[in-house]
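If you read the protein sequences in the order shown, they are chains A and B.
Numbering follows my numbering, with no gaps: position 136 of the first sequence is 136.
Numbering follows my numbering, with no gaps: position 10 of the second sequence is 10.
Mixed in with the good hints there might be a few duds.
Claimed, not checked - No more than 25 Å apart at the CA atoms, straight line, and that leaves these computed lysine-lysine pairs for DSS-like:
(1) B:107 x A:271
(2) B:107 x A:270
(3) B:134 x B:107
(4) B:74 x A:271
Unchecked claim - If you want the footprint, here are the derived chain A segments under chain B, 3+ residues with CB under 8 Å:
(5) 2 to 9
(6) 13 to 24
To be verified - Facing chain A, according to a computed beta carbon distance under 7 Å, are these residues of chain B, among others:
(7) 55
(8) 73
(9) 74
(10) 84
(11) 92
(12) 96
(13) 105
(14) 106
(15) 179
(16) 269
(17) 272
Think of the hints as simulated: they come from the structure by calculation, not from any bench.
Backbone N, C-alpha and C define an ideal beta-carbon position, used for all residues, glycine too.
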Amino acid sequence: MFRLLNIEWEKLRTYRAFWVMVILYVFVLFSMIFAVPALLDYIAEHAKENLALKAFKAIVFNFPDIWQNITFVASMRGFIKIFLAILVVIFITNEFSFLTVRTNILNGMSRGEFVAGKLQVIFFLTLLSTLAVFLAGLYLGLTQSPVRSLSSVFSKMHYLLAYFLEVFTYLTFALLIGVLIRKTGFSVIVLLLYLIIEPIIQYYVPEDYDKYLPLNAMNHVIWSPNTSLIKVKTPEFNMDFQEFISWADAGVCMLYAGLFTGLVYLYLRKKDL
Amino acid sequence: MTPVLQISNLTKTFGRLKAVDDLNLLVEKGNVFGLLGPNGSGKTTTLGIVLDIIKTPTGSYLWFGEEPSHISRKRIGATLETPFFYPYLSAVNNLRIVARIKEKPFKRIENVLKIVDLHHRMDDKFRTYSLGMKQRLAIAAALVGDPEVLILDEPTNGLDPLGIAEIRNLVNRIANEGLTIILASHMLDEVQKMCSHVAVLRTGRILFSGSVAEALNENDIIEVSSNNLELLSLGLKNFDGIIEIRKEGNLLVLKVKNEIKPTDINEFLIEKGIVLSHLSLRKKTLEQQFIEVLQA
C-alpha cells in the first residue's frame, strides 16, 4: 500500500528544494499563528481599553472556537498555502522537465499509479499542514483559553477537517496546473495570477453563484472566524459570521478535488510522453 | 512457444507523418533481434509504442502472449532514446527508484553498476555524468530488474570505441544467458555482429525480416580478374547465372545467383580458353544488403 508513496519519497527525500519549502512553510505558518497573540498583547499594552482587548483575546482563543479561528488564519486567501502549492507544482513539473515521467512509465509504472503516487504526496503534505495547525492551536488554546475542559478542547474540531479538505483541494488544483503547463516557472506564475484573477471574476458573477468558483469554494469552507462577541455586543457591526460549516460548501469543495484529480488522470492517460 | 513480442498491423501517425506503417513483427524467446533502419525510420517510435510511451496507435501488440499492461513491463528492461534520470540523485538512488517500481530487490544494484563499470561513480549525482556514463546507467537501469527481455535503443550512441566494444561484449554475454534482446540501431555492422535476427525498416515500413544468416546469404559476389578484362567481360556475357557485372579497379565484381559457385565460373571460362588471375567469393555484408534494400 505504501509502495507508491515510498517511490515518491525516494524522489523527494534528498531533494533540497523540498526540504526548503516544507521548513519555510511551517515557519511562516507558525509565525502567522503565533503572531496574533503577540500582536494583541502589544496593542493591549499601548491601548486604553485593556479589558476589551483581553476579552477579545479570550474569545478568539477560546477553546472550541479556536479551531475555527486558527484554521481561518491558516487558510487565508492562499497566502500561506501558496508555499505548499508551489512545492506540488515543482515536483510534478520536475518529472516533465527531467522527462523522468517517461522513465517511470518505461520501468513498469502505470499512468494511473503515477498519478496515485503524486496524490499520496499531496495527501501527506495536507496531513502535515493540518497537524501543524492542530499543534499550534492546542498550544495557544492551552496557554490562552480560560476554558480548558476536555470536552471543549475537542469539540468543534471538525473545522480541522474542513481545513484539510480545503488545502487538499487547493493542492490538487496546483497539480492540475503543473500537469497542463509542465514548466515550473510558468506554472507558478499561473498559480499566483489565478489568486488575483478569481476575485475579479467573482466581482462579475452574480452573488448567488460566486461561491461555486473553485478558489472561492475552497476558501468558503472556512470563511470567517467565530466572534460571537461581535454578534452579541455590537449590532452595528452587522457582520455575518459563520456558525457552522455548510455541507453545500464542503460538497462543492470535494467535487472540485474530484474534478481536478480526474482531469489530471485523463490527461496523462492519453498523452505521448 | 509463445513469442515474446508480437506486433500486428501497427500504425502510428503524428499529424501528417506516418511514423509507423502497418508493421508486423515477431520476436521469439532467445532471439537477439535487431531493428535496423536509418534515422527517422520508425525504430524508436515502434519501441515507444510497445513500451506504452507513445499512445493511440492502430493495430495491436502482445507481450508474452498477453494484452500489454504495466505489469508485463516489469519483466522488461528498456532504454529509449536518451537516458533520463533525476539529476539531483546519485546513480544508486536513481536505481533504487527503478528497483522499487519494478518491485525487485535492491541487492542487484551494486552488481549491475559493476557490470556497466559505473561502480566507482555510483554515489555521484547524475548531473555530473558524461554522456557515455549516462548511457551506461540507462543500461544498468534496464538490467537491475533482472528482466526477461532487454530493449536497447541505440545503446552505443555517444560512446567512444572502447565503450562501444564494451557494450557489444555485454550484449553478447547477456544473450548467452538466454535473455531475449531487442536492439534498435542504424549501425549495420553492430547489428551484423550482435544479432541473430534482423528487421529492416524504412519510413515506418518493414522491408525485410528474418535471420541474419538469411540476410547474408542473398546473392553472393564473386570477384574475378584476368590479364584482359575486356575479353573476360565478353566471355562472361553468355554465362547464365550472372545478375550483374561491375568493374572495380582491376576486378570484375559479379553478382551471381545463389546456386552459382566460383568453380562453376572457373569451369565455364576454362572451356572458353580464358585464364583467370583472380577468383574469390565475397560474402555480401549486411551493409551492402542494407543499402541495396533502401535503394529499391
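Structure-based check of each hint:
{"no.": "1", "hint": "B:107 x A:271", "in the structure": "violated (34 Å)"}
{"no.": "2", "hint": "B:107 x A:270", "in the structure": "violated (35 Å)"}
{"no.": "3", "hint": "B:134 x B:107", "in the structure": "holds (21 Å)"}
{"no.": "4", "hint": "B:74 x A:271", "in the structure": "holds (21 Å)"}
{"no.": "5", "hint": "2 to 9", "in the structure": "holds (count 3)"}
{"no.": "6", "hint": "13 to 24", "in the structure": "holds (count 3)"}
{"no.": "7", "hint": "55", "in the structure": "holds (6 Å)"}
{"no.": "8", "hint": "73", "in the structure": "holds (4 Å)"}
{"no.": "9", "hint": "74", "in the structure": "holds (4 Å)"}
{"no.": "10", "hint": "84", "in the structure": "holds (4 Å)"}
{"no.": "11", "hint": "92", "in the structure": "violated (11 Å)"}
{"no.": "12", "hint": "96", "in the structure": "holds (6 Å)"}
{"no.": "13", "hint": "105", "in the structure": "violated (14 Å)"}
{"no.": "14", "hint": "106", "in the structure": "violated (11 Å)"}
{"no.": "15", "hint": "179", "in the structure": "violated (17 Å)"}
{"no.": "16", "hint": "269", "in the structure": "violated (59 Å)"}
{"no.": "17", "hint": "272", "in the structure": "violated (64 Å)"}
In this structure, the earlier hints numbered 1, 2, 11, 13, 14, 15, 16, 17 are contradicted, and the remaining ones agree with it.
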